[in-house]
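Chemist: Model the placement of chain C on the given structure of chain B, informed by the hints.
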Amino acid sequence: MNLVFKALSDPTRRQILQLLRKKPMNAGELAEHFPIAKSTLSAHFAILREADLVEASKSGTVITYMLKASVLEEALLAFAEAVGVGMPKPTPLKKAMGKAK
Amino acid sequence: MIDRKALWILMLLFFAMTAAAIWRLSLLPNWTQLPIVTPRGPSTRNGLVLFVPPLSLLFMIIIGLAMNWLFSGPDEAIQIRQRRSRLLLLGTGAMTALAQAVIISRSLHYGLWLNPENVARAVVAVGGILTMMHGNIVPKMPSVSKRIAALNLDAWQSARSRRLTGWMTVAFGLAMINAAVLLPLRAMAPTVLTLCVAYYCVFIWHFARLKRESSLLP
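Protein chains in written order, with the numbering used here: chain B, 6 to 106; chain C, -1 to 216.
Just chain C, same shape as in the assembly:
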């Protein structure tokens, strides 16, 4: 969920990142040939790679807004949920901005002392820490109802779902940190993606199981 303050900050970041990508592309004679300095020497990439960070930020904003629409309940509960999600959203926003800044600066031959592999590892590790911090407080989030009736659980089932989600999110964050530290760069993205798919599969399976159970509440 996303509150107004976080929404404004992320929207500003998105427009700034998109403007920076367009500006960098405008300097190129051929936008499919973006010069990149890799540790193995100079190389070229498709210029559209510059739009990956702002688009992932936009995707995150859309997910946040979709959650705002999906959850309904007392204002206080909604505000608590939004406030508790702020750190993850803003932290992820800052990480995507940093990733784009590194790509642009290296394409302009600035900041060559920065090892892009280490930057990528640091971004994933910080992402893992933020994920763990968010996962820790998920079980404490207040219970709210959803606009789609089929997705509603009773208070106890909802608390159990949040508990599992919290533990899984912390484990996912820990796995991200381990992947950032231990795995070769090439294996990092597929590993994180596989874990992400497994995370959602377990979540859906657990939700379906809870949905079949009868309520324990009076």
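The following block holds chain B by itself, in its conformation from the complex:
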């Protein structure tokens, strides 16, 4: 379960899972949605696979990823998304105003 929490704690990985809920995607298709290096994305895939949240199937040279989350894991995903776990905290209004001055 620790692996699942670790996997769900990162907003990028949660976004990957949200995309995979809609349809299966290969690494290239997923990469189009994120402005990050492919190696970083690969590390995210490895963590998701380790947590058994995605299933990868290879056909030729293309690896297609599919969501493989239990009901509880999907509920946790929705909860983490709603609460915004791992998101940068919003700047307090006073500080932001001070900076603007």
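No wet-lab data here; the hints were simulated from the structure. Watch out, some of these pointers could steer you wrong.
DSSO-like cross-link-like pairs, simulated, lysine-lysine; straight-line CA separation at most 30 Å [claimed, not checked]:
hint	chain 1	residue 1	chain 2	residue 2
1	C	K209	B	K28
2	B	K27	C	K144
3	B	K63	C	K138
4	B	K63	B	K27
5	C	K209	C	K138
6	B	K63	C	K209
7	B	K43	B	K11
8	B	K28	B	K43
9	C	K138	B	K11
10	B	K27	C	K209
11	C	K144	C	K209
12	B	K63	B	K28
13	B	K27	B	K11
14	C	K3	C	K138
15	B	K63	B	K11
16	B	K27	C	K138
17	B	K11	B	K28
18	B	K28	C	K144
19	B	K43	C	K138
20	B	K28	C	K138
21	B	K63	C	K144
22	B	K43	B	K63
23	B	K27	B	K43
Since this is a predicted model, take the numbers as computed values, not measurements.
Modeler: Showing chain C alone in chain B's frame:
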């Protein structure tokens, strides 16, 4: 799906429950008059009621064996599916055995302190918990093909079907727990049965919808 270990345990339970029912009937002068102590006082029922728990267990075993026949695929995937279904099967088996033990003991005027209504509620609630636990892992079950070609879906469609089944099974389990806690005893069985019918209707509708869609996989 049912593995060999669970099959043996459930078969033993079935024979033990059937033997217990026959033994209890053999003690009766008239098998249509089984004495039962209800909260409202002594009453009689048809003795065949004793065979309802073992027959429901037998029905569950047959369904499990039919699933074993229907699904074919790599041994590892089949074993994972069987292992993950074991808890639900054995738990349900234990619940039916408990239900029969309560009927027999009360007909022999033992265990009168047990309120049969509370036992029925507890059985349904535990059944609901087991159903929820099973439903939770349904989306994680490995994809296997079916012997009847018309029932086969591609890997993505199959994953979607399992996802919906998982959510529906968890919701069904939750509804069973709520029914056990909140509803009057008389309304419990019709409610669970209605939900069961609705569950299968949604499952078939979703399956037909998936079958019409074109594959998204390369």
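Chemist: Please go over all the hints and tell whether each is borne out by the structure.
Modeler: Now the hints, each set against the structure:
With a C-alpha separation of about 16 Å, the suggested pairing of K209/C with K28/B holds against the 30 Å cut-off. As the CA atoms of K27/B and K144/C are separated by approximately 25 Å, the hinted pair is consistent with the 30 Å bound. The suggested pairing of K63/B with K138/C holds, with an alpha-carbon distance near 19 Å, which does not exceed 30 Å. At most 30 Å may separate the alpha-carbon atoms for a hinted pair to count; K63/B and K27/B meet this at roughly 19 Å.
With a C-alpha separation of about 21 Å, the suggested pair K209/C and K138/C falls inside the 30 Å cut-off, and the hint holds. The suggested pairing of K63/B with K209/C holds, with an alpha-carbon distance near 23 Å, which does not exceed 30 Å. Between the alpha carbons of K43/B and K11/B the distance comes to roughly 20 Å, so the proposed pair stays at or under 30 Å and holds. Our distance criterion of 30 Å between C-alpha atoms is met by K28/B and K43/B, whose separation comes to about 20 Å.
A C-alpha spacing of about 19 Å is found between K138/C and K11/B, which places the hinted pair at or below 30 Å, so the restraint holds. At roughly 17 Å between alpha-carbon atoms, K27/B and K209/C fall within 30 Å of each other, so this suggested pair holds. For the hint linking K144/C to K209/C, the alpha-carbon distance of about 14 Å falls within 30 Å, and the restraint holds. A hinted pair counts as satisfied when its Cα atoms are at most 30 Å apart, and K63/B with K28/B qualifies at roughly 16 Å.
Taking the CA atoms of K27/B and K11/B, the gap is about 22 Å. The hint holds against a cut of 30 Å. A distance of roughly 22 Å separates the Cα atoms of K3/C and K138/C; the hinted pair therefore holds under the 30 Å criterion. About 25 Å separates the Cα atoms of K63/B and K11/B, which keeps this hinted pair within 30 Å; it holds. As the CA atoms of K27/B and K138/C are separated by approximately 17 Å, the hinted pair is consistent with the 30 Å bound.
At most 30 Å may separate the alpha-carbon atoms for a hinted pair to count; K11/B and K28/B meet this at roughly 23 Å. For the given pair, K28/B sits about 23 Å from K144/C by alpha-carbon distance, which is consistent with the 30 Å threshold. Restraint check for K43/B and K138/C: the C-alpha separation of about 27 Å stays at or below 30 Å, so the hint holds. Between K28/B and K138/C, the direct Cα distance comes to roughly 16 Å. Compliance with the 30 Å bound is thereby established for this hinted pair.
Distance check on the hinted pair: K63/B and K144/C sit about 22 Å apart at the alpha-carbon level, within 30 Å; holds. Taken as a hint, the K43/B and K63/B pair is honoured in the structure, with Cα atoms around 18 Å apart against an allowance of 30 Å. The straight-line distance between the Cα atoms of K27/B and K43/B is roughly 22 Å, inside the 30 Å bound, and the hint therefore holds.
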